[in-house]
Structure formats: C-alpha cells, structure tokens
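Enquirer: Residues per chain, in single letters:
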Amino acid sequence: MSGWPDGRKDTVSKNRMDDTLAVIVILFVTFGMVMLYSTSAYNGEVKFGDAGYYFKKQLLATALGLFVMYVVSNIDYHYWEKLALPAYILSMVLSALVLAVGDSYNGSKRWLSLGPLSFQPAEFAKVAVILFLAWYISNNKKKIKSILSLFKVILLVLPIVGLVGTNNLSTAIIILGIAVTLVFVASPSYKQFGALALLGGGFVGIFLSVEQYRLERLLIWRNPEKYEKGYQTLQGLYAIGSGGLFGTGFGNSMQKLGFVPEAQNDMIFSIICEELGLVGAGLLLLLFLLMLWRFLIAAHRSTDLFGALIAAGILAHIAIQVILNVAVVTNTIPNTGITLPFISYGGTSVLFLLAEMGLALNVSRSVKK
Amino acid sequence: MSGRTVLLDGGWCEIVMQKNKTFHKKKIFVVFIIVLAVLVVLLCRLVFLMIFCSEYYGTKAKDLHQRERDIKAARGEILDRNGEILATNRSVCTISVIHNQIKEPEKVIEALAKELQMDQETIRKKVEKYSSIEIIKKNVDKEIGDAIRKYELEGIKIDEDYKRYYPYNDLASKVLGFTGGDNQGIIGLEVKYDKYLSGKSGKILTLTDARGVEIDAAVEERQEPENGYNLQTTIDRNIQEYVEQAAKKVLEKKSADSVSILVMNPQNGELLAMVNTPEFNLNDPYTLTDVTPGAVLSDKEKQDRLNRMWRNQCINDTYEPGSTFKIITTAAGLEEKVVSLEDNFSCPGFKIVDDRRIKCHKVSGHGAETFTQAVMNSCNPVFIEVGLRLGVSNFYRYFQQFQLLSKTNIDLPGEASTIMHKEENIGQVELATISFGQSFQITPIQLATTVSSLINGGTRVTPHFGKNIQDADGKIIEELAFSSKENIISKETSETLRYVLEQVVAEGTGHKAYIPGFHVGGKTATSQTLPRSANRYIASFLGFAPADNPQVLVLVIINNPQGIYYGGTIAAPVAQEIFENILPYLGIELRYTQEEIDEMKEEN
Numbered sequence: 001m002s003g004w005p006d007g008r009k010d011t012v013s014k015n016r017m018d019d020t021l022a023v024i025v026i027l028f029v030t031f032g033m034v035m036l037y038s039t040s041a042y043n044g045e046v047k048f049g050d051a052g053y054y055f056k057k058q059l060l061a062t063a064l065g066l067f068v069m070y071v072v073s074n075i076d077y078h079y080w081e082k083l084a085l086p087a088y089i090l091s092m093v094l095s096a097l098v099l100a101v102g103d104s105y106n107g108s109k110r111w112l113s114l115g116p117l118s119f120q121p122a123e124f125a126k127v128a129v130i131l132f133l134a135w136y137i138s139n140n141k142k143k144i145k146s147i148l149s150l151f152k153v154i155l156l157v158l159p160i161v162g163l164v165g166t167n168n169l170s171t172a173i174i175i176l177g178i179a180v181t182l183v184f185v186a187s188p189s190y191k192q193f194g195a196l197a198l199l200g201g202g203f204v205g206i207f208l209s210v211e212q213y214r215l216e217r218l219l220i221w222r223n224p225e226k227y228e229k230g231y232q233t234l235q236g237l238y239a240i241g242s243g244g245l246f247g248t249g250f251g252n253s254m255q256k257l258g259f260v261p262e263a264q265n266d267m268i269f270s271i272i273c274e275e276l277g278l279v280g281a282g283l284l285l286l287l288f289l290l291m292l293w294r295f296l297i298a299a300h301r302s303t304d305l306f307g308a309l310i311a312a313g314i315l316a317h318i319a320i321q322v323i324l325n326v327a328v329v330t331n332t333i334p335n336t337g338i339t340l341p342f343i344s345y346g347g348t349s350v351l352f353l354l355a356e357m358g359l360a361l362n363v364s365r366s367v368k369k
Numbered sequence: 370m371s372g373r374t375v376l377l378d379g380g381w382c383e384i385v386m387q388k389n390k391t392f393h394k395k396k397i398f399v400v401f402i403i404v405l406a407v408l409v410v411l412l413c414r415l416v417f418l419m420i421f422c423s424e425y426y427g428t429k430a431k432d433l434h435q436r437e438r439d440i441k442a443a444r445g446e447i448l449d450r451n452g453e454i455l456a457t458n459r460s461v462c463t464i465s466v467i468h469n470q471i472k473e474p475e476k477v478i479e480a481l482a483k484e485l486q487m488d489q490e491t492i493r494k495k496v497e498k499y500s501s502i503e504i505i506k507k508n509v510d511k512e513i514g515d516a517i518r519k520y521e522l523e524g525i526k527i528d529e530d531y532k533r534y535y536p537y538n539d540l541a542s543k544v545l546g547f548t549g550g551d552n553q554g555i556i557g558l559e560v561k562y563d564k565y566l567s568g569k570s571g572k573i574l575t576l577t578d579a580r581g582v583e584i585d586a587a588v589e590e591r592q593e594p595e596n597g598y599n600l601q602t603t604i605d606r607n608i609q610e611y612v613e614q615a616a617k618k619v620l621e622k623k624s625a626d627s628v629s630i631l632v633m634n635p636q637n638g639e640l641l642a643m644v645n646t647p648e649f650n651l652n653d654p655y656t657l658t659d660v661t662p663g664a665v666l667s668d669k670e671k672q673d674r675l676n677r678m679w680r681n682q683c684i685n686d687t688y689e690p691g692s693t694f695k696i697i698t699t700a701a702g703l704e705e706k707v708v709s710l711e712d713n714f715s716c717p718g719f720k721i722v723d724d725r726r727i728k729c730h731k732v733s734g735h736g737a738e739t740f741t742q743a744v745m746n747s748c749n750p751v752f753i754e755v756g757l758r759l760g761v762s763n764f765y766r767y768f769q770q771f772q773l774l775s776k777t778n779i780d781l782p783g784e785a786s787t788i789m790h791k792e793e794n795i796g797q798v799e800l801a802t803i804s805f806g807q808s809f810q811i812t813p814i815q816l817a818t819t820v821s822s823l824i825n826g827g828t829r830v831t832p833h834f835g836k837n838i839q840d841a842d843g844k845i846i847e848e849l850a851f852s853s854k855e856n857i858i859s860k861e862t863s864e865t866l867r868y869v870l871e872q873v874v875a876e877g878t879g880h881k882a883y884i885p886g887f888h889v890g891g892k893t894a895t896s897q898t899l900p901r902s903a904n905r906y907i908a909s910f911l912g913f914a915p916a917d918n919p920q921v922l923v924l925v926i927i928n929n930p931q932g933i934y935y936g937g938t939i940a941a942p943v944a945q946e947i948f949e950n951i952l953p954y955l956g957i958e959l960r961y962t963q964e965e966i967d968e969m970k971e972e973n
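Chains as they are written, first to last, in the numbering used here: chain A, 1 to 369; chain B, 370 to 973.
Quick caveat, the hints were computed from the structure, so don't treat them as lab data. Treat the hints with care, since some could be wrong.
Claimed, not checked - According to the in silico footprint, chain B covers these stretches of chain A (three or more CB under 8 Å from chain B): (1) 180-194; (2) 240-247.
To be verified - Below, in silico cross-link-like pairs of lysine-lysine (DSBU-like), each with a Cα-Cα straight-line distance of 35 Å or less: (3) Lys229(A) to Lys431(B); (4) Lys431(B) to Lys47(A); (5) Lys564(B) to Lys506(B); (6) Lys511(B) to Lys483(B); (7) Lys82(A) to Lys395(B).
Said to hold, decoys possible - Label pairs and their calculated CB-CB ranges: (8) Asn74(A) to Ile402(B): 30 to 40 Å; (9) Leu283(A) to Ile402(B): 19 to 29 Å; (10) Leu574(B) to Ile75(A): 52 to 62 Å; (11) Lys526(B) to Leu283(A): 38 to 48 Å; (12) Ala96(A) to Ala406(B): 30 to 40 Å; (13) Leu97(A) to Ile573(B): 53 to 63 Å; (14) Leu283(A) to Ala406(B): 14 to 24 Å; (15) Lys526(B) to Val23(A): 49 to 59 Å; (16) Ser104(A) to Ala406(B): 32 to 42 Å.
A virtual CB, placed ideally from N, CA and C, is assigned to each residue, including glycine.
Looking at chain A on its own, in the form it has when it is part of the complex:
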C-alpha cells in the first residue's frame, strides 16, 4: 500500500489551489500587521525609541514567510515525505541545542542566534512533527488499530515534547495536542480515545504539579486580583472588559500603553477586544473558524491520507493555539505563554505559520478530477 500510482502528480498540478484559504491567509497577515503596529508602537517607542521597531522586524519575517508560502504551495507535498524524518530529527537537534546554547528573553531560553538572526526551534518543531506524524501514520496505517500502536505514536513524539517542554510548556502541549489529533484521525476507533483523554488529563495534572510555580499559576488563575503575578491577567481582563460591545475604536486602546505588559505578544487579543469590542473579537474568531473549515475541506478532498493528515495537523495546530490563547487571555484557563497565530509578534512563528499555509494550500490542490 505504499507509494503512489503514477500520473497522480499531473492530476495535482492541474488543480487550482483553494483561493478562499489564500484570501483568508492574506486577510490574517494584513490584519495582524496593522494590529501589531497599533499595539507595539508604544512599547517600541519606550524601549527602542522607534515606534516601528516591532513592526519592521515582523514585516521582514512576514515578507519572507509569504515568499516561502508561495514556494511551498507550488511544491507537491509528497516531496516532503522523504524529508519528514530528517526534519523531525533536525528539530530535536535544534531543540537540544537551544537548551545548551540558547538565548534567554523574558526569562525563557528559547532562541538560537545566528549572527543578527534569531530563531525559535520550537516553532519549527511544530511543522516538523506534523510532517513526521503524517508520514509515519500514512506509512504504517495498518498498524494504527490497537491502543498499543496509538501509544507507540505518542511515544515517538515524546522526545521532542520533552525537549521543547523543558522551557516552553505551551509549545509542548501544542505538539502533544497535534499528535493526539493525528492519532485520533488515523484510528477508526472512538472508545480508545476516551481512555486516552483521561490519561492525557492525568498527564497534564502531573505535569502541572511537578513544579511549584505551576500550582501557583492555578491560584493566580482563580483570583488574579489577589496576586502580584496576576497583574498581566488582570490587565488583560481590564482591556477586554473596557471593550464592551463595539470597543473603544481602532487605535484607542489605553491598556496597550504599558498597562498590559508586552501587549504585542501573547496578550494582543485583549487589545483587539478593547479596541474592536465583542463584535470585532467575534469576527476574528469567525475568521479563524473559516480558516479551520478550509483545512477541513482540504483534508476531506485530499486524495491520500498523507495530505489529509497534513491538513488535519495544521488544523489542530491553529485550533489549539487559538483556543489556548483566547482561553488564557480571557482567564478561562491558567496563564501560559501562547501566541495568537498571525497576529502576535514573533518572526519565527509567522515564518513557519506561513510555510504551513503553503503546505495546506498545496494539499488543497490535490483534489482528484
């Protein structure tokens, strides 16, 4: 069952890519850039004396990302099959490297520097895991039936989860989430996943209680007004609450003026709520949902499991990140640093997100005539 029938490549190249998805991506990139400038101008001015500091860096990464997206969307995704394992190994090497010689920012060791360029291996790891698992599962499809084989797949990603999770719990959770989603999609069974969900819950519980600071986060979550460390959460809530139904108007956020720390990062959604109100925030979530729908369509239309799993992985990736980000910002769950895809500041993040979009777009082409 391995390998592809000849002539399929032609079929793929003749299909048009999903225009709707492309438009959504462009919308996100544009909206993200505008929102990023709005939220980061104050911090840029205060910290670097340049209101456009963050914007320019993001613009560069986005331009590069759009180029990468274009290129990737034109490369048949089967090309990546043979690179899936090496990419996965490379991501582990890089993640290990970051632990040894990484740069710290805001107390987290997450960056690898190469001259003036810095790079977050964790962002690369997400794409690598999607590709790796899509490749592994589609090539071992027969085996993905028993519960044991499901655990085997999860075990395969545990090294990278561990490496990344050492100082970036949030990304580790996302990677784990992607893995679970892909295994879920690959297996015909439903029952096993009830047990798996329980197990996952237990795992997260253990993970949380291993370190004191994670338990502390729970206390802050319950009552952010009582703890000094609840400051960021509380400021986010102030911003969201200030927004009301229609918001204070674009550019009029008060909370971005240093009240919400690093407003252009994880908390950017709170500023969107403040400026654009419930209506704006709702529309943004709707746009995300639309994007996820396009991934669903791409997965459904994909002629082979590899493509379907790539689309499903990307769907899982974006969904988990959006859900966790919004949940954190609205203090629905304890605080953990997760960025909002396409909107939050982060060069590596936007670069690999756009690369993923290229992948998704290419998968959307693989519709059979």
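Got chain A; can you put chain B on it based on the hints?
Expert: Relative to chain A, chain B alone:
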C-alpha cells in the same frame, strides 16, 4: 486503486481514494466540531466579560488610567460686621515631582533645594522614589513657584493653590481660629462654619500611560471647584482692635497672666469683640508665643502648650465669678419679691450661717444700709441674707429659668459647662456662698449672656459671632438665626436691676467705670482662685450702657494681676476706657443728667 462514492454532511459527492478513508474524514470532522464547540464556549466567555463585566472592568481600568488632581476650592472669607476682611486666601503653590518624567534628576534636586531652601537629601529621596507623584512642599509662595517654573525642568509639577491668610495676624485669633494644611478649620469660627467656608474641591482627570506620562491627545475631564461662601461676623474690627490694645495695656501694667474682655450687644447677643490676651499670630499658629528661645520641648509638651495658647478663655474656661454674680442674686431676689431696693439691712462685717462665720470684704462692716446701698457696696452679708430668703429650691429654679446651668450655645466650638452644686447637695453654707458668686464656676460668656438677658427686659439671647452667609459677590445666601426666649424675668425687675446697677457705677464700687452722660451700669468683682492659699485673684468688671436701654455690655476679666487686685480699682477703669471710645463710635448719644450738668458747671 478502488473508489467509492461517499455522501458527506456537506452534501457533495466525490470519488475518494482508498487511503483517505471515510472514517478519517469523519474523524477530522469530529475534531472540527469539538474545536467549534470550544470556540463557542470561549465566545460565551467573551460575551460574559465584555457585556456583563464590562462596567466592572471598565471602571477599574479607567481608575487606573486616570490621574486625579484636585483643584482646591477657594475658602470663603471671614468678614467683620462692616465687611472688612478678617480671613482671606493667598495664592501659593504646591511643588511635586513626577518620577517618570524627570530627565535630569540632579538638576531637579539642585534647583528645588536652592529655591525651596530644603535639604538636598530630603528632596533626593522623593525624586528617586518610584511613585506616580510625590509632593515636595506645600504652601510655597507664588513667587518661588514662578522661579522654579523658569528652570523649565521636566518632571516638576507646580500646582497653584490657596493658603489661608489673616491680614491682621493676631486679631481675634482665638475667635477666628485657623485652618490646617488641607484648608479645613482647626479651631474657632473656621471650624464652626467650615461647611459654609470650605466649598467643594474640583478635579482634573487626565489620562496617563503606565509610566504616568500624560497623554497629550486625551481630553481632560474637569470638575470645577465650588468656592466656599463668605461668613460675615458680628465682630467690629475697630472695637476688637481697640479692646485688644486696652487688654494688652492692663496685662502689662498689672503683669497679669491673661486678660479676657468681651463686648456684646445685650439686646440680641451679637458679639462685637472678644479678646483673650495674649493672642497668637493666626498666620503662624504653631509657634508658641510664651516660650523662651532655645527651650527644648517634647512633642507632647509642645502640643499641650499649643492647645493652651489656642484656648479661648471666654468660652473654654470656667471661673468663680465672685461679686459680678450678685447681679443674678439681685435679679432673683427682686423677681421673687423677697427683697426690695428700700429694704433696710445692717452689716456688722460678717454673717453667721449655720456654724460658719462668713466675712464681708469690709471687715469693719457697712453698718445700716438699704438694699440699693448694699448692692453699691457689694456687701456680702446682705446678699447672703437675700440668698437665704430665696431658699435653695427658688434660687435653683431661677438658675434654670435664666438658663444659667446649660451652655449658651455660642457659635464657637468647645464651650465649657457651668459647674454648679447639685440642688440636693446645697446646704445653707453653700447657698450663702453661691449668693455672692463663690463655690461654683461658670464661663465668662455665660455670665455676660445671663446678665445681658436680665437687663435687656428679660429675653434670653444666644451669644453669637455669625451674622450671615454671603457669596463672593456679597449677596446674602443665608441670614444666621439664633434662638431666644422671652420673659425669663419681668420687665419691671429688669428695669429695677438696670437702675440699681447704674447706681453701683454712679456712686458705688464701680465708680471707676463712670462716664458722665453715658449712664453706665455695672458690677465689680474680686475673686480668689482655688486654692485660696495661692493668693491668686481674678479682678473683673461687668458693665453696660446706657443703663436705661443697654446697647453694649463689656466684661473685663484680669487673671492674676500683681499688686492691687480689686476689680473696682483695676478692671472698672479698663471698661471705662472702652466705653468712652466705643459708645460715641456706636453712635450712642451723650445724655447728661441734671446733676451731671450742675457738677460740670461747678467745675467751670
């Protein structure tokens, strides 16, 4: 390669390759549905936060963003009865620093230390303290504020402000009182009328970023202050000033501890002057006047001394009135008809009550005398007799009828109560001593008010300083009204009382207060303070004029005079001097009696 036709929820039909099986698609769809469900939950959370908690968080956020600066309301002025300003405001500055805006801390510290003449270290602490705004100094003269402004240093905030200013420094200090740093009254009229005077402070609300830097584009919200109302008092600045001089003169001449003089209108209780020498400077109320330079006082000691310095002895302190109280005994005796002016008495120089022998001040005795003569002589045995004739319950009833035992309710804080024996504890000896003004204590204002009420035809008045409340343009907002009670004594008794008291001044112990043509009535007193062994005296005189229709009442109290201490000798002349000057000033005409005209003819 085998294909199948699948009907999915979307309703489209297509041929699917074997590898991407239907269950995969279903499962991806399940994933999507789960995501959708979670997003809906989050949207509900957003609705909760942004609609139902919007006001709560919005208000909190606004509190955080807004910096509130008070705009002080100008405190109302205090005026005398002729509209002269006794208390007003001066423009001053409050100098503060905003930590986040300071760019050149060293220059700021240097400039502030130089201009404000403050210690550099004190300023440095405040400049380097991380806070949104730190006050360096309040009540800085406007000129100094302007000088600091010229440095054009960022981070220094100069807010214009008002400070209470008393143009006459120590004039009526214990009556007017002064205000604290926040412009609230501390003592005197400033406290009593604070609610009218203080006004309502306004606010400037500015938006700032997290560093406290004001946002230029943001619109300032401004709540205008409401200035306080002016208080017009019954004080006459000229009389107050003159009386203060007279008090000071006798204080120095007699080396007395203190001199209290009050001048009131007995008809309505308006106080024209109230002096308690030594006064203190209202513009510098925290400097002790009686402290030897270089003396070191503990904080508590200093506070005690300040409290003593601020005391208004006319109101806050009680004393044994002595013979001036005989006016009240006379009034009660006449009203109860236990004595008449023509009644004959004989004074052997003492009177035995129970087993006690109570001396008259004239040890050899006044001999045979009518009651009128007894009042003129201030003869103790006669007043003891009158007191005994009245009896305890009658006397006590009159005290209550005259409202002598309660407070006068003067519009100044801290009035002391009368200290009087309980009715059931008054025996014959106590009754005898009360009759001539001993063994109990009252405040000077109570004595003056009670006598006023007895001589004005029997209307109990409320002594007061407040006349009306005005706005800044002088428009009267509220006339201040004070209660009064008529017929506490009959008109006839009141008239008789005035007559007999005029005789006291015309030919009796109060003669030194006599002024031809002004019909001064009055009564002297010399009382010994407790303990008697200390040989400390209070010389006093209570006078009023004109006796047939009293317009002004003066009470002079000299506390612990050295040398001669008789009220008739040292207090009466002070009253005479005051009457001589203020009666013409108040427009009271000279009306000589036939005898006075004859006398003057003889002198010529």
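Enquirer: If you check each hint against the structure, which ones fail?
Expert: When the structure is compared with the hints, none of them turns out to be violated.
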